[in-house]
Amino acid sequence: MVQVTQSTVIDAPIDEVWRILRDFNGHESWHPAVATSVIEGGARVDAVGSVRRFRLRDGGEFREQLLSLSDAKRTLTYCLLEAPVPLMGYVATIRLKPVTDGDRTFWEWRSEFSPPATRRDELMRLVSDDIYNAGFAAVRGILTRSRPGPGNLGPGAGQAILVPDASSAPTSVDASRALPSVAPPRSADATTKAIVVERHGGPEVLQWRDVHLPPPGPGEVRIRHTFVGVNFIDIYSRNGQFDLLRPPAVPGMEAAGLIEAVGRDVAGFAPGDRVAYACPPVGAYAERRNMAPELLVSLSADISDEMAAASLLKGVTASFLLHDVYPLKPRDIILVHAAAGGVGQLLVQWAKHLGATVLATVSSEEKARIVERRGADHVIIYSRESFAEAVMRFTDGRGADAVYDAVGADTFAGSLAALATRGSLVSFGQASGPVGDWDVGRLASKSITISRPNYAHYTDTPEKLGPHVSRFFAAVRQGIVTVDPPKHYPLARAAEAHRDLEQRRTTGSLVLTV
Amino acid sequence: MAKVYVSSVVPAPAPAVWQVVRNFNGLPDWTPFAAESRIEQGAPPDQIGCVRNFGLKDGGRIRERLLALSDYEFSCTYSILESPMAVENYIATLALTPITDGNATFAEWQADFDCPPERERALVQQIGAGVFQAAFSALKQRFGR
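Protein chains in written order, with the numbering used here: chain G, 1 to 514; chain H, 1001 to 1145.
Since the hints were derived computationally from the structure, they do not count as laboratory data.
A virtual CB, placed ideally from N, CA and C, is assigned to each residue, including glycine.
Just to be clear, a hint being listed does not mean it is correct.
[Said to hold, decoys possible] Computed beta-carbon distance windows for the label pairs:
1) G:Gly466 - H:Glu1073: 52 to 58 Å
2) H:Leu1067 - G:Pro327: 23 to 29 Å
3) G:Val91 - H:Gly1102: 54 to 60 Å
4) H:Glu1073 - G:Gly436: 18 to 24 Å
5) H:Leu1067 - G:Glu496: 50 to 56 Å
Required output: the full structure, derived from the provided sequences and hints.
Structure follows, in structure tokens:
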């Protein structure tokens, strides 16, 4: 959501300015960008609820509805119903106030809307300059022309747009740029099927498309995916919470498959090699992609593609959370939130193997059974009881040494309450929303340590990533962690997988099949 | 209930004007009518609830309580506890709004109060012109126009 506010002072009495502005169909006669306008259904211009349909001088057609009009406060509010530009959720208010010192008028024009992230600046400029400031100048021109004399604001104020003409009028609403599009395939190159995030938003922004795929460049390999992992980080990059993806672009950071082609200057990989990866840049939700091979993991025969795509990112995450972020010690007591989820199940099993006592939270009885099977010492169904109280009861008032929390907003306060003195909160996700602002001083009451690890900072070089991959695959081979077969969705139906994951309808991992 | 509303345009950016007017103890610095001022009980002048006690150049004394102060909205609301004007339930708000076109400030000052009906006209005139507009005129002059 962005806000645009522009304001000016018109050198005319407030009633004169208001007479012009309160006519909801009147912009046709004063705004330089508006070519024609009608009120639909012959409704009155001051009937709240009336809809004006208008065309700009450059041809774009808009519909706006009057939401409120007050002659007492001299305000009017309206919203956009249809437009050729993505001014989503646009609601605007015009407000006039008298300047008693000089019988002039203060005019404020403000709006809120939710532009696609990539067009934010352009659309804010369009609204503030081409609509609001151009409107100020036009009304000033009309009123100061009709009231000649020494009251003018300054030489030439507003004169330039008394006679708006199509070539110079500020009407740059360019309908041809209304929708971003992934570069169309060039004829010389191949294409591949992919899921494209058109703009930041809900699962519906995931579109199944042909995208351009050039041959691998120097230092790149091309991979034909077999399975693609679905992770919460994909949701955060889709909706814009994390700055990982700039639409339009292909999401996804985890997949397995075969090397199909190798560019110049690539050593160590050849066509036919089985590989997997769990790293940026995004681009995994595609049949094929090119990428640098530094962070590719070679798969041995006992690790299936399906298993690698389902668990590599989660396994590496669990590994660095337990070994680097808060190095777990035998006999630690820990709490794992969302323990039936992909990372959650790995944390429970692995922490048990390392000698910890593991308490876990889940949302349902069914999920509690799964987590018990994974070896948790005590499972709390957080909708039935306060998990912080349950932890204190279980530990005789001592609290947990560490809490692994990827739930975020809903659990953060409880997690702090559940910690022992000198405990650590590992906040590694925000499935329920950002945790907001907290007073660091309050942590002193228990000398709490909080960490907020970012996946990339623990995995962005082969040196950092390698030990976690080896450790995780070793844990799989030795049966220290068991990964259930993931739930399958066709790649084209990635939106469905996102919906299920966001609505907590899943346990374990999700993969897209290619 | 009587109402006074005065507004003006100050030729300076709103944050700069706010810096001058937000000081609840600063009337002698920027208005032509206040001679001296102090905050009772040594409270900081931006503590909500503090009381300013200031002397007028014509000799009267006024005590006013700070009810609200917003650095976000550039506004300040206060009530009169004691004054020579014999008004009751007097609450006033001074607010600044940026004028983006020209980088100036729209300044508003309004007050609501009760008084005997026969004195209303004179009090509205006295407060509107003698206090609020006089202060705004001084602000406009201070910022150069």
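Status of the hints after comparison with the structure:
no.: 1; hint: G:Gly466 - H:Glu1073: 52 to 58 Å; result: 55 Å, holds
no.: 2; hint: H:Leu1067 - G:Pro327: 23 to 29 Å; result: 54 Å, violated
no.: 3; hint: G:Val91 - H:Gly1102: 54 to 60 Å; result: 26 Å, violated
no.: 4; hint: H:Glu1073 - G:Gly436: 18 to 24 Å; result: 22 Å, holds
no.: 5; hint: H:Leu1067 - G:Glu496: 50 to 56 Å; result: 55 Å, holds
Hint compliance for this structure: hints 2, 3 are not met, and every other hint is.
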